[in-house]
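Peer 1: Spelled out from the first residue to the last, the chains are:
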Amino acid sequence: MNIIIDLLSWASLMAGSIFLIIGTIGLIRFPDFFTRLHACSVVDTLGFILIMMGLMLQAGLSLVTVKLILIVIFILLTSPTAAHALAKAALHGEVKPLLNHSGE
Amino acid sequence: MEHHLVLRVVAKLLIPMILIFALYVQFHGDYGPGGGFQAGVIFASAFILYSLIFGIENARSVISFNLLRILSALGLLLYLGVGISALIFGGNFLDYNVLASNPLSGQHIGILLIELGVGLTVAAVMTMTFFVFSRP
Amino acid sequence: MLGIAIIRLGSLFAAVMLTGIFSLVAAGLYVSMDAVDVAFTEAAVGGGIATMLFLSTIALTTSQEKTGGEVSFPAFFIVVLTGIVLMYGVSDIPKFGDSQAPAHQYLSDRYVNQSPREIGVPNMVTSILASYRGYDTMGEVAVIFTAGMGVLMLLGRGFRNSARRNSPKGNSPEQQGKVKL
Amino acid sequence: MFAVTTIAILVAMLFALIRALLGPTLYDRILAVNTFGTITVLFIGIFGFLTERPEFLDIALVYALINFIVTIAVLKFFEYGDLGRGSFDQQDSDL
Numbered sequence: 001m002n003i004i005i006d007l008l009s010w011a012s013l014m015a016g017s018i019f020l021i022i023g024t025i026g027l028i029r030f031p032d033f034f035t036r037l038h039a040c041s042v043v044d045t046l047g048f049i050l051i052m053m054g055l056m057l058q059a060g061l062s063l064v065t066v067k068l069i070l071i072v073i074f075i076l077l078t079s080p081t082a083a084h085a086l087a088k089a090a091l092h093g094e095v096k097p098l099l100n101h102s103g104e
Numbered sequence: 001m002e003h004h005l006v007l008r009v010v011a012k013l014l015i016p017m018i019l020i021f022a023l024y025v026q027f028h029g030d031y032g033p034g035g036g037f038q039a040g041v042i043f044a045s046a047f048i049l050y051s052l053i054f055g056i057e058n059a060r061s062v063i064s065f066n067l068l069r070i071l072s073a074l075g076l077l078l079y080l081g082v083g084i085s086a087l088i089f090g091g092n093f094l095d096y097n098v099l100a101s102n103p104l105s106g107q108h109i110g111i112l113l114i115e116l117g118v119g120l121t122v123a124a125v126m127t128m129t130f131f132v133f134s135r136p
Numbered sequence: 001m002l003g004i005a006i007i008r009l010g011s012l013f014a015a016v017m018l019t020g021i022f023s024l025v026a027a028g029l030y031v032s033m034d035a036v037d038v039a040f041t042e043a044a045v046g047g048g049i050a051t052m053l054f055l056s057t058i059a060l061t062t063s064q065e066k067t068g069g070e071v072s073f074p075a076f077f078i079v080v081l082t083g084i085v086l087m088y089g090v091s092d093i094p095k096f097g098d099s100q101a102p103a104h105q106y107l108s109d110r111y112v113n114q115s116p117r118e119i120g121v122p123n124m125v126t127s128i129l130a131s132y133r134g135y136d137t138m139g140e141v142a143v144i145f146t147a148g149m150g151v152l153m154l155l156g157r158g159f160r161n162s163a164r165r166n167s168p169k170g171n172s173p174e175q176q177g178k179v180k181l
Numbered sequence: 001m002f003a004v005t006t007i008a009i010l011v012a013m014l015f016a017l018i019r020a021l022l023g024p025t026l027y028d029r030i031l032a033v034n035t036f037g038t039i040t041v042l043f044i045g046i047f048g049f050l051t052e053r054p055e056f057l058d059i060a061l062v063y064a065l066i067n068f069i070v071t072i073a074v075l076k077f078f079e080y081g082d083l084g085r086g087s088f089d090q091q092d093s094d095l
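Residue numbers (my numbering), protein chains in the order written: chain A, 1 to 104; chain B, 1 to 136; chain C, 1 to 181; chain D, 1 to 95.
Rather than coming from a laboratory, the hints here were simulated on the basis of the structure. Bear in mind the structure is a predicted one, so any value in this text is a computation, not a measurement. Just so you know, not all the hints are guaranteed correct.
Label pairs and their in silico Cβ distance ranges [claimed, not checked]:
1. C/Ala-147 with A/Pro-31: 45 to 51 Å
2. B/Val-9 with A/Ile-4: 22 to 28 Å
3. D/Tyr-80 with B/Pro-16: 36 to 42 Å
4. A/Arg-29 with C/Ala-147: 27 to 33 Å
5. D/Leu-10 with B/Ser-85: 48 to 54 Å
Residues of chain B clear of chain A, computed beta-carbon distances all greater than 12 Å [to be verified]:
6. Val-6
7. Ile-18
8. Leu-23
9. Asp-30
10. Ile-63
11. Phe-89
We put the CB at the ideal spot given by N, CA and C, even for glycine.
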């Protein structure tokens, strides 16, 4: 039983790390602001939730898990809101999306 | 920020959580990390978030400027008052052992009151500074 | 490296953003050194409040750094000399976690051993700050209070009747919005 | 296991830092700071488990909170030019 939980948490931690790295590589490599915002959402949702799930499996049922759940709820509320406000402000500002209709 | 509907709704959800968390930090400072100073800052940041999203005039109608001034002085006075009450009960200045029948609970009460004073002063001064700095 | 970038940037907005990141990194360092309370304070104050106060200061003043005149060489020399002296002084400070350091000889022994019995509060930082160092903390609170009063005296002139001063214009969009609401 | 994740988080922090230093527009920098804050929350959580002192999670919670407030403050500053503007003065078009 213990081994199963360890394996599960290991898998979710690894998957979360991979998503984290992928998201931040996208943050560097993508060409304009809005696509970078898109890449960041991978970090904020998938990477974050997977790593936190791994930690929760490790912690078991305790106060730590409650705090972790609180953090996850907090991030899930704030991070899309911040991204939304950011995109809106950028669109109001001078940044225009890099549109490519020709398909290159 | 009239048209930021998402922000307003999320802020309405978040601000009570932040205030509860600040109270937790304030009174849990004996057991975990935290204490008066940090709790005061978190408290102030809740008010700052409110005034960012709903406008500083509304924030000032929630918590008026005179109240902030009174609170900031009240925190320091609470601190001093604990010290002087220790004097009255027959100990040294800021010696909490005499505040209750046994020294340990006396220390507990003293530390709790003092952290409360620190938190009040810090929260009031931070909010006041923000109001003054970013007046429209 | 981050500090150099902060100095070199002409645009003050970007410098403020980098200052926020810098204080996050500093708090991470404190966490790895086990100084939980310091990291807590750094996260809350350095990352949050200080950034916001910087921003509102920029709003009150200008957003671009003024490029100064020519470099004064005596001043530069003095700064470099002081830096070298300070570096020399750092080599005399005991190593991090050294058990032979002067502060660990008798004081922290007493705190670590006696604090649970004398104070009865599990978090030792709180007990030291609030009980053993009560006078110092009182001084800090007084300093914060005085600083707030100083800011109020410098910037808060006419703050209370600013709303009344703005209102006779009547035609401002604020007034219209207020009526609508 | 935790060590591998910590290394991944540190690499991700480095990437976000590079974006914050490069950042052609200011919004890129804000985005990088926001992402950096999220990754820092993760880092503190992982580090608490690595050193087996899970009370670090309080700090992580404060980070998440402060990060959000700073992002909103910076955005409001860039959009309106100051922080104290009320909610009454918006006449421009909604999206």
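Peer 1: Take a quick look at B/Val-6 and tell me if its Cβ sits farther than 12 Å from every Cβ on chain A, holds or violated.
Peer 2: violated (5 Å)
Peer 1: If you check the beta carbons of B/Val-9 and A/Ile-4, does the distance land in 22 to 28 Å?
Peer 2: violated (40 Å)
Peer 1: Verify this label for me: B/Asp-30 is non-interface relative to chain A, using a Cβ-Cβ cutoff of 12 Å.
Peer 2: holds (16 Å)
Peer 1: Given a hinted range of 27 to 33 Å, is it respected by the beta-carbon distance of A/Arg-29 and C/Ala-147?
Peer 2: This hint is violated: roughly 46 Å between Cβ atoms.
Peer 1: Check the following: the C-beta atoms of D/Tyr-80 and B/Pro-16 are separated by a distance inside 36 to 42 Å.
Peer 2: Given a distance of about 26 Å, which is not inside 36 to 42 Å, the answer is violated.
Peer 1: Check the non-interface label on B/Leu-23: least C-beta distance to chain A beyond 12 Å or not.
Peer 2: It holds; B/Leu-23 is separated from chain A by about 14 Å at its closest Cβ, greater than 12 Å.
Peer 1: For B/Ile-18, which was marked as not at the interface, is the minimum beta-carbon distance to chain A over 12 Å?
Peer 2: violated (10 Å)
Peer 1: Does B/Ile-63 sit more than 12 Å from chain A, CB to CB?
Peer 2: With a cut-off of 12 Å, B/Ile-63 remains clear of chain A, as the shortest Cβ separation is near 23 Å.
Peer 1: Check the non-interface label on B/Phe-89: least C-beta distance to chain A beyond 12 Å or not.
Peer 2: holds (37 Å)
Peer 1: For the hint 48 to 54 Å, verify it against the beta carbon of D/Leu-10 and that of B/Ser-85.
Peer 2: holds (51 Å)
Peer 1: Range hint 45 to 51 Å: satisfied by the CB atoms of C/Ala-147 and A/Pro-31?
Peer 2: Since the Cβ atoms of C/Ala-147 and A/Pro-31 sit about 46 Å apart, the hinted range of 45 to 51 Å holds.
Checked against the numbered hints given earlier, the structure breaks hints 2, 3, 4, 6 and 7 and satisfies all the rest.
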